[in-house]
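Visitor: This is what each chain is made of:
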Amino acid sequence: MGFIQRKRRYKYFLILAFITLAFVTIISSTMGVADISFIDSLKIMVSRIPLFGALIDNESIRQSHDFIVINVRLPRILLSALIGVGLSLVGSTFQGMFRNPMADPYILGISSGASVGATIAIVLGFGGVIGGLSIITLFAFLGAIVTVVLVYNLARVGNRASTLGLILSGVAVGLFLSSMVSMLMFFNRDDIEKIVMWTMGSVSAATWNKVGILTPVVIIGSIIIMTYARDLNAMSIGDETAKSLGIEVERVKKILLTVSSLIVACCVATSGVIGFVGLIVPHTIRLIVGSDQRGVLPFSALSGAIFMVVCDTVARNLIPPAEIPVGALTSLFGAPFFIFMLYKNKKKVI
Amino acid sequence: MESKLRFPIETHDLGWKYGDRQILSDISLTIKRGCFYSIIGPNGSGKTTLLRNIAKSLEPKSGSVFVENSDVTKLSSRSMAKRLSVVPQNTNIEFEFTVTDIVLMGRSPYIGRFESESSQDIEIAESAMRATNTWHLKDKRITEISGGERQRVIVARALAQDTGIMLLDEPVSQLDIHHQIEIMETIQKLIKNRKITAVSVMHDLNLAAQYSDHIILIDEGRIVCQGRAHEVITEENIKRVYKLDSYIMDNPVTGKPYIIHVRKSSS
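Residue numbers (the working numbering), protein chains in the order written: chain A, 240 to 589; chain B, -7 to 259.
Errors might be hidden in some of the hints.
Claimed, not checked - Taking lysine-lysine and the DSBU-like style, the derived pairs with C-alpha atoms no more than 35 Å apart in a straight line are:
#1 B:Lys256 / B:Lys231
#2 B:Lys9 / A:Lys493
#3 B:Lys231 / B:Lys181
#4 B:Lys66 / B:Lys24
#5 B:Lys130 / A:Lys250
#6 B:Lys130 / B:Lys184
#7 A:Lys583 / A:Lys250
#8 B:Lys74 / A:Lys246
#9 A:Lys246 / A:Lys585
#10 A:Lys493 / B:Lys66
#11 B:Lys53 / A:Lys493
#12 B:Lys130 / B:Lys24
#13 B:Lys130 / A:Lys583
#14 B:Lys74 / A:Lys250
#15 B:Lys53 / B:Lys231
#16 B:Lys74 / B:Lys53
#17 A:Lys585 / B:Lys132
#18 B:Lys130 / A:Lys246
#19 B:Lys130 / A:Lys493
#20 B:Lys256 / B:Lys9
#21 B:Lys9 / B:Lys24
#22 A:Lys583 / B:Lys132
#23 A:Lys246 / B:Lys132
#24 B:Lys132 / A:Lys493
#25 B:Lys74 / B:Lys9
#26 B:Lys184 / B:Lys248
#27 B:Lys53 / B:Lys24
#28 A:Lys493 / B:Lys74
#29 A:Lys585 / B:Lys130
#30 A:Lys250 / B:Lys132
Said to hold, decoys possible - On the chain A side, residues computed to face chain B include the following (Cβ under 8 Å):
#31 Asn472
#32 Ala473
#33 Ile476
#34 Lys482
#35 Ile486
#36 Gly529
#37 Ser530
Stated by the list, open to error - With the Cβ distance kept under 7 Å, some of the chain B side facing chain A (calculated, not the full set):
#38 Ser49
#39 Ser69
#40 Arg70
Rather than coming from a laboratory, the hints here were simulated on the basis of the structure.
Glycine residues also receive a C-beta, built at the ideal position from the N, C-alpha and C atoms.
One chain only, chain B, in its complex shape (with noise of 0.2 Å):
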């Protein structure tokens, strides 16, 4: 039921602060059900804290999150964890653990602490690791697998997880084109074939602007500008919050925005 809402993340001039040094100021969203959306920005603008403050790794400072109806601070972990999954920047993992014990990893929040995986479990898992084509890594240990291999199985214990949310930071930034895309295309997919709704920080603006049903702004840790990819991927905005001259042109196959750039600007 709580998966159907219309709007499953809510924040409310949410703000985060490190010391004394504003991080976030006045974020207030509203997230649409079943779409992608993808937080650009600058480097040091905000964008994975504010990811961190919906997903509750961090405690809002002022203003409130909201999570499928329920303020975050008011939800136990394990609650949350049934609510939304995060994939996170960096999936290294020191341990020898198989590529099924990871994404068995995602059925932790119902899973009682006296009791093991039952075959559901197993079932879900196998179900999630078809979906992010993983299947065949199955039997391998997660320290030998490829990067793009890693990250994808990452994505297959977040969809464990069974969650109406996905929150992704940064999820191919450290991968080649091919897996990029083969990462992107994925996450599209489960949007669609499941109604799960994302958020992503997004490092690429082509690879934002591609993908995303909304695009999210953010510089200085207040939100610029969002909405769809031609209201935000401009020339202007480009300027203002990247100090660069870009060219835009449309993708001629998706007709999606594709940026140029030009060089720095000089203003």
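Next comes chain A alone, as it looks inside the complex (with noise of 0.2 Å):
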């Protein structure tokens, strides 16, 4: 069945999919060492929304829990949310554009980039908070920016950077600045555990300031990445094609990269590196959805931030008080899930 006719049922699926979202915001701000109830829950955030907030009677609601609510596990909760939706459609943006299964969010190099950001922060001892952001963040998020323009830049060949280019240049900036961290972790023993857990990738330092500024990055970068899905899709059979049949590959390309870049950079800035969203999520939306871009992107976008929350709830579940980074979780339940797909695929051939 082409696109045009999965259009409609597409449809419903994405409802359905944000319904989901929805939900699982609602169940995971119940979960925590605080008890509190799915209705209360959904009080307390209703009561926030405006013109709607005047129809909610929470009186019965204790003070403490509307604040844990709102201040702790929703900033948390949303977060976790736009960075799921973030490296989702990152991934399947560079898996199709650099026509390459293995590309993820970090492929250009941007993850080790963050990491020497704030580890330099973190050795230098900046501890420090500039417009409701941790010095931290803001050194993670301009190591980020460097390292894309600088990969860009080694891989550019007069106005073009070739697909190649730029993933053999990613890979070996990428590789350089990691062993930048271990120098710099080797030299100060002392801030290793930071590091490392920085490193590992965590929403736990979630404030309603990193919402604020995640918001608009990501949902306009997703905005622009989804109106060039067909754009992809003819990328994807190879640049050469992508040219004969109209589309001005190199500036698409530049656009893409643009707007990529920020969202991953905004993302590892304010949770460090949280691996394997963006290189599965898409795939498995694949295996489900088919290659069309305009069906991957937003299916990979929900998804992605479900299965993000849901991540996170578990890892500050599991073993209370003490949370697992999410980073370190990702993975842990992903891959499994993914390997049945695969086999669930491979199955349907036979």
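With the hints as a guide, bring the two chains together.
Guide: In structure tokens:
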């Protein structure tokens, strides 16, 4: 079946995915050390929505519960969801653009760049906060952006950068920066734990400030990427074919690289390196809906969000009060599921 | 209107270099509408480079290429894609698009950024698939059909682009003889029915002789000879360009020249 025939069915599935995400969000907000009921949690959230707020009677809800849901759990859930959306979308974009199934959001060395930035800030003891964001976050963001610019310019010949050139220079720069992090850790042993915890990736330091910054970046970025879905389809067949189909390949590549890098840089800066989501969510979705990016992108975005929220809920509830870094959990849960999907698909062929 | 032009492709003293290596020199061509042109020549002679210059995948380094009266360097990818479609040499596709998806991609130049395919686009894709005998494959995944079928799907995509010109880069060189003939006959039929102009790089000289209205023989980046099959496919030219002794007879059925390669030329 072609995309057009599938389109109507997609609409229902998308609505379903949205409802699932909302449901998962509310469930997650009830879970934790403080026991808050589903209804209370729902009331607390709805009461904050303008217009609807007046309809809700939350006299009976304890002040502390309101505080926990709004200031502790909700920013964390939203941050997980945003990161899930961003990483899955960029993963799908890069896999298509680079025509490489192993491509993930970090293929251009962004994660290593951010790690170096964060490590430098940690080692130098910059613990301050600027504009509501920690200096570590800002350094990580800077590290990520500098890395992408460096990688692009290394791969650039004249006015264009080849796909292979980008991947190779991304891998080379990434490895170089990773060993820089190792060296910094070696010479600053006291900070090792902090650095390792940062690179493992976690949303435990979520704040409304972080959510406020990530929301516009991820949402606007996602919309831009999705308007290029058809171009991405053609580009996943080959740059030259895409060009012969009337796509300004070099221009599209630059736009998508810029938008994607910004999304990933913001994700990594706010929550460290969370692996797996950006690699496997798009693959899993492709096994279900096929390769058309007009289906893959929106479904990856929503599934990535659901997946991240679920993982983080588990991460903070598995062995309370300890919190497992969600970056360590994503693969633990995701890999078996993906293997199951691959196996199911294999059986279909046989 | 534009496709009614008598000469949809013209090149003037076209030259192209890879670094310091001159790949094409002084290529001047006038391609007539509604004809099948073959570009032949040994490996490395510049056939594909010439095709890619016409398609604007490569920018001419000297001289110029005109497609439907416009200098290609001044045309956007989109307006180029409305004039000229390309069937590339390597048609391996890794992603699992359906055949319909692939053919619909041919409509890309006509669909705006915020639009999706209209019912008219779908009709055009269907007629392209019917013309190339790929309609029965429409729901199959591109990764699960045979090489010959895939090649026909790519021709269908080019057809869906609805252009006056189709460029083909060795469209049949990886196919068995049955599928070679099938593709060549499909293209011949399209030229006849839709009055399109086709320019194809060909490896098989006998196929080129069989199907072309006009053959362009190039060697070391220059046009050695061009014209009708009988004027180009001669023992003398084969010896000069391919360094082969050959015997050429007329195909008893079609009357076109048919080469029997004899041996590597001793001189």
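Visitor: Which of the numbered hints are not met once you compare them with the structure shown?
Guide: Violated hints: none at all, because every hint is consistent with the structure.
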